[in-house]
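Number of protein chains: 2
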Amino acid sequence: MHDAEYYILRQQHRERWDVEDQDLDERLAELREENDGRPPNIIHIMWDDMAFGDAGIPVINALRGFDTPSCNRMAEEGMMFGRLYTEPSCTPSRAAVLTGRHAVRSGMHTVAFPVESNGLSGEEVTTAEVLSDAGYATAFYGKWHLGDVEESYPHNQGFDETLFVPYNQVLVMYNQQGEAANAVIGARPETMPDDRYQLDDTFVPEGWVMAIEGRKGELGHEYGNREMSDWDPLEDECKKRTIEFIRRNAKADQPFYAAYWPNEATLSVAPIAERKTPARSIVAERFQYGTDAFIGEVMDELLDLGIAENTLLVVHADNGAMIHDPPSGMGQSEIMFRGGKADYWEGGIRVPAFAWWPGTIKPGQVVGDMIHETDLFTTFARLAGATENIPTGRIIDGLDQTSLLLNGDSFSRRDYNFVYTGPILAATIKGRWKRVWIGDHPGLVGAAFYDLYTDPREMFPKLIPLLHTSSAFSKMRKRHEIWKQEYPDSNSARGAPFTGLANPRPETVALSNPPADLEDLPFDPLQYIDFDLPWDGLDSDG
Amino acid sequence: MHDAEYYILRQQHRERWDVEDQDLDERLAELREENDGRPPNIIHIMWDDMAFGDAGIPVINALRGFDTPSCNRMAEEGMMFGRLYTEPSCTPSRAAVLTGRHAVRSGMHTVAFPVESNGLSGEEVTTAEVLSDAGYATAFYGKWHLGDVEESYPHNQGFDETLFVPYNQVLVMYNQQGEAANAVIGARPETMPDDRYQLDDTFVPEGWVMAIEGRKGELGHEYGNREMSDWDPLEDECKKRTIEFIRRNAKADQPFYAAYWPNEATLSVAPIAERKTPARSIVAERFQYGTDAFIGEVMDELLDLGIAENTLLVVHADNGAMIHDPPSGMGQSEIMFRGGKADYWEGGIRVPAFAWWPGTIKPGQVVGDMIHETDLFTTFARLAGATENIPTGRIIDGLDQTSLLLNGDSFSRRDYNFVYTGPILAATIKGRWKRVWIGDHPGLVGAAFYDLYTDPREMFPKLIPLLHTSSAFSKMRKRHEIWKQEYPDSNSARGAPFTGLANPRPETVALSNPPADLEDLPFDPLQYIDFDLPWDGLDSDG
Numbered sequence: 020m021h022d023a024e025y026y027i028l029r030q031q032h033r034e035r036w037d038v039e040d041q042d043l044d045e046r047l048a049e050l051r052e053e054n055d056g057r058p059p060n061i062i063h064i065m066w067d068d069m070a071f072g073d074a075g076i077p078v079i080n081a082l083r084g085f086d087t088p089s090c091n092r093m094a095e096e097g098m099m100f101g102r103l104y105t106e107p108s109c110t111p112s113r114a115a116v117l118t119g120r121h122a123v124r125s126g127m128h129t130v131a132f133p134v135e136s137n138g139l140s141g142e143e144v145t146t147a148e149v150l151s152d153a154g155y156a157t158a159f160y161g162k163w164h165l166g167d168v169e170e171s172y173p174h175n176q177g178f179d180e181t182l183f184v185p186y187n188q189v190l191v192m193y194n195q196q197g198e199a200a201n202a203v204i205g206a207r208p209e210t211m212p213d214d215r216y217q218l219d220d221t222f223v224p225e226g227w228v229m230a231i232e233g234r235k236g237e238l239g240h241e242y243g244n245r246e247m248s249d250w251d252p253l254e255d256e257c258k259k260r261t262i263e264f265i266r267r268n269a270k271a272d273q274p275f276y277a278a279y280w281p282n283e284a285t286l287s288v289a290p291i292a293e294r295k296t297p298a299r300s301i302v303a304e305r306f307q308y309g310t311d312a313f314i315g316e317v318m319d320e321l322l323d324l325g326i327a328e329n330t331l332l333v334v335h336a337d338n339g340a341m342i343h344d345p346p347s348g349m350g351q352s353e354i355m356f357r358g359g360k361a362d363y364w365e366g367g368i369r370v371p372a373f374a375w376w377p378g379t380i381k382p383g384q385v386v387g388d389m390i391h392e393t394d395l396f397t398t399f400a401r402l403a404g405a406t407e408n409i410p411t412g413r414i415i416d417g418l419d420q421t422s423l424l425l426n427g428d429s430f431s432r433r434d435y436n437f438v439y440t441g442p443i444l445a446a447t448i449k450g451r452w453k454r455v456w457i458g459d460h461p462g463l464v465g466a467a468f469y470d471l472y473t474d475p476r477e478m479f480p481k482l483i484p485l486l487h488t489s490s491a492f493s494k495m496r497k498r499h500e501i502w503k504q505e506y507p508d509s510n511s512a513r514g515a516p517f518t519g520l521a522n523p524r525p526e527t528v529a530l531s532n533p534p535a536d537l538e539d540l541p542f543d544p545l546q547y548i549d550f551d552l553p554w555d556g557l558d559s560d561g
Numbered sequence: 020m021h022d023a024e025y026y027i028l029r030q031q032h033r034e035r036w037d038v039e040d041q042d043l044d045e046r047l048a049e050l051r052e053e054n055d056g057r058p059p060n061i062i063h064i065m066w067d068d069m070a071f072g073d074a075g076i077p078v079i080n081a082l083r084g085f086d087t088p089s090c091n092r093m094a095e096e097g098m099m100f101g102r103l104y105t106e107p108s109c110t111p112s113r114a115a116v117l118t119g120r121h122a123v124r125s126g127m128h129t130v131a132f133p134v135e136s137n138g139l140s141g142e143e144v145t146t147a148e149v150l151s152d153a154g155y156a157t158a159f160y161g162k163w164h165l166g167d168v169e170e171s172y173p174h175n176q177g178f179d180e181t182l183f184v185p186y187n188q189v190l191v192m193y194n195q196q197g198e199a200a201n202a203v204i205g206a207r208p209e210t211m212p213d214d215r216y217q218l219d220d221t222f223v224p225e226g227w228v229m230a231i232e233g234r235k236g237e238l239g240h241e242y243g244n245r246e247m248s249d250w251d252p253l254e255d256e257c258k259k260r261t262i263e264f265i266r267r268n269a270k271a272d273q274p275f276y277a278a279y280w281p282n283e284a285t286l287s288v289a290p291i292a293e294r295k296t297p298a299r300s301i302v303a304e305r306f307q308y309g310t311d312a313f314i315g316e317v318m319d320e321l322l323d324l325g326i327a328e329n330t331l332l333v334v335h336a337d338n339g340a341m342i343h344d345p346p347s348g349m350g351q352s353e354i355m356f357r358g359g360k361a362d363y364w365e366g367g368i369r370v371p372a373f374a375w376w377p378g379t380i381k382p383g384q385v386v387g388d389m390i391h392e393t394d395l396f397t398t399f400a401r402l403a404g405a406t407e408n409i410p411t412g413r414i415i416d417g418l419d420q421t422s423l424l425l426n427g428d429s430f431s432r433r434d435y436n437f438v439y440t441g442p443i444l445a446a447t448i449k450g451r452w453k454r455v456w457i458g459d460h461p462g463l464v465g466a467a468f469y470d471l472y473t474d475p476r477e478m479f480p481k482l483i484p485l486l487h488t489s490s491a492f493s494k495m496r497k498r499h500e501i502w503k504q505e506y507p508d509s510n511s512a513r514g515a516p517f518t519g520l521a522n523p524r525p526e527t528v529a530l531s532n533p534p535a536d537l538e539d540l541p542f543d544p545l546q547y548i549d550f551d552l553p554w555d556g557l558d559s560d561g
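From first to last, the protein sequence lines stand for chains A and B.
The letter at position 422 of the first sequence is residue 441 when you use this note's numbering, and the numbering goes up by one with no holes.
The letter at position 519 of the second sequence is residue 538 when you use this note's numbering, and the numbering goes up by one with no holes.
Simulated from the structure, these hints should not be mistaken for laboratory data.
Errors might be hidden in some of the hints.
Repeated chains share a single entry, so a pair holds when one copy, or any two copies, can fit it.
[As the list claims (entries may be wrong)] Quick list of in silico lysine-lysine cross-link-like pairs, DSS-like style, CA-CA up to 25 Å:
no.: 1; residue 1: K503; residue 2: K449
no.: 2; residue 1: K449; residue 2: K295
no.: 3; residue 1: K481; residue 2: K497
no.: 4; residue 1: K481; residue 2: K295
no.: 5; residue 1: K481; residue 2: K449
no.: 6; residue 1: K381; residue 2: K494
no.: 7; residue 1: K270; residue 2: K503
no.: 8; residue 1: K497; residue 2: K449
no.: 9; residue 1: K494; residue 2: K481
In isolation and in its complexed conformation, chain A is listed as follows (with noise of 0.2 Å):
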């Protein structure tokens, strides 16, 4: 099942469109025979924070003081998209590219810190899932974010080899950079100096786990012991791993599907010990000399192989630019749109995106359509063969958008979008309009309306020139309610944290009862884990 808007659109194109894709199959069909039978392989990397425009725009790099060749070359050799919209935060996003549904249906709504004794239900069917069901070799190297409780760990989503981070570069804050921004205060409480005030030993966590390697059915392994000199080497392990990974299934002619999700781009990973580009921004840095000189390998490395032909490669960021309190020297910006990391203004949800196909995917395009991180997975599925893994019974969010890749622009099959907040609906989009429901006057409608042609900062909310949306976004938004009585939110994982590793620290192990010397407490001090907290709303400022 689609959200209903997605049966308003077939019921007007379902003509045009089966003929599509009875082409598209032959097409796809057709491709695989001159591959022995073999499907696609699929690569999928999917970086922190950043603002569209900031990848892939000659000129926009020259303002910007740093360069994004690989990006550049993958809009010159493949699809540059514009309108490629996340979800607006690290969790939420990785949960909604993963499972297809946008991240409230999962109840993974809200980015995670340590500890959360949460995460992603072992009952989501995730891509790796449905490509390992149909045969695919499956990896997952990076950025996970998405839990602690064992059932959450991509070990256990589907991936057959992990090396992961499950929170984000929390770690990395205690570098030179960190330590010079006071990024993050305490969330090591060996590293705090002694103070005399202090009362409560227990505030502030023990015993998390920086990074976890696991393979499908087995226990994890902490990699590491959290310390900075085991950070530092982390990310090249990833891009280590995942070039040998590539290589490897390359080599025994095995359908692959290869996640590597940074850590890099957004902070230092470690100190910058050379600074290159104009801009000496982090940022600047870390994405041209890291991720983005990464992809650039990739790329060259499926030349190589000789697997290009038959191999997708889809990069793009995982939400807007971190420009709300972001840590100092980061040098992230608004580009195009208004807002950033965690906005349901575009600024949060629209970024950098582009696919890479060769002799697949016509070089040199730009395509305006909307599509959304969830369309990747039923995407995957069907270039996998594997459109029958897709789970029934509960929304997908993501529709198919074989034709935007196969035929370019204006052959999105979208034209809508719900942008979360949180568990809030805080927008709705469909087409060139925006209506924005946070903060509206009750009983009055409000000026909540933008156009996004004419006014793609959302500077002006309009009411007069917009008003005949009104309904029909309300109409919109009804059904989308409806739809989801039928088939209503789940929750996400709750449970002890980091239990399932096979080296666990005693620290770690601890995470899992409640401390010893709060035994006598008068209530059950784990009870908070099944507890959601209320949500109050926001304003409309976000």
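Guided by the hints, dock chain B onto chain A, whose structure is given.
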């Protein structure tokens, strides 16, 4: 003389520049030889009010709902400027580009409205004069906006033939679009219903002139009768004459300089009969199907005539988008930079800009270098072999950018800009750094420093990280101000408006004399003409 700042740069690069210049001279001489001794023709198209990014970048086209195919073609076949600075509004920008001097130096720092009794002084030397004296045929068509006194008329400023609008699109406010937007109230008293409370018949001027046709050395002729029926065909007439001028001179083997500065892009010249862009905004319709289409027509014409390889075509907007109090439905917007027309923020002064010169400007270039519109004056002079016609004994801000045009990215000779708003120095730019002078706390340096690489939208003024630029900026400004004591700013021309016409209407003639019924005033009713309004400065919000 250039600004003092130039000599700081020359002192550091003289040797390299000398070598470059020798090579450039050889290349220009070679080209001239190939063209039977004729220097290159120059065509300058400058339209109203557009944000950088809104033309020439395909993915932004897609996201804005209109196309700019000719600008994109200029970028593909020529050069896209990432950082061409203009003055922040119409009149100053026009004065600066034509004189090679910041508008403050010629007293043309403020936007003109009917009636001014003011205009570009005959003492100023324009590109038209410089090139005319070098044997070029010269023509001006379109929006002049450089005053209403006789000496300011373009045919009195070096242009052989002209058809021009002395102010802006004020008349167009009375068409369908203008009325709907309530754009101008009362500028044409004859359109106003009787108002029984109105006491003063002189508050809104009558007798101003919509358009003038002129030839060098002759009296001008009022063109049409200040009616919409005369205005409507004006834009097409200007285009037609531009093409005719190009053709005539090409066929006569006569080097020429044509300036076509359209009225149409900002407001609709005529009611838009059929809207064809997805955006449906005025800018979208009039730019895509008006100015941009005409740019393509000029390119094709030059190719057809066989003179494209000996013609430099430069096109750009005169200032940023009109985002402050725009007429309804205009559809302008900030794109990448903060601010718009009239602002000293980047959005006010950084514009879409392209150069095309097949065989001499290499195709597909993006240049991130700084260049100021005044540089066009000096560069055009050099290309015409007319550098010696540039007047001495005054500051010429324009630098020679021949090397940038012919050698490309990073060959600019400018790394600074002085940003004036009216007669006030609002900001100073040096490379990536910008200091805003207005609204600073007296006695404290203030957080008025911006880093344009990492903070292109000027959202985060910084004190500590950019403190080292404080004294450097102060020094730079002091040099600039001291130089002004040596070479003071001039005044604009003052006098009776709209003299020098062969066919003046009685109301127009009346503008030269105090209204008869005000003759017994206790003061001279014309003394205001020579008086300059004091400026109280602006707050930091501009």
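These are the hints, each one checked on the structure:
no., hint, result
1, K503 with K449, "within (19 Å within a copy, 56 Å between copies)"
2, K449 with K295, "between (42 Å within a copy, 20 Å between copies)"
3, K481 with K497, "within (22 Å within a copy, 46 Å between copies)"
4, K481 with K295, "between (45 Å within a copy, 22 Å between copies)"
5, K481 with K449, "within (15 Å within a copy, 39 Å between copies)"
6, K381 with K494, "neither (38 Å within a copy, 54 Å between copies)"
7, K270 with K503, "neither (46 Å within a copy, 73 Å between copies)"
8, K497 with K449, "within (14 Å within a copy, 54 Å between copies)"
9, K494 with K481, "within (19 Å within a copy, 47 Å between copies)"
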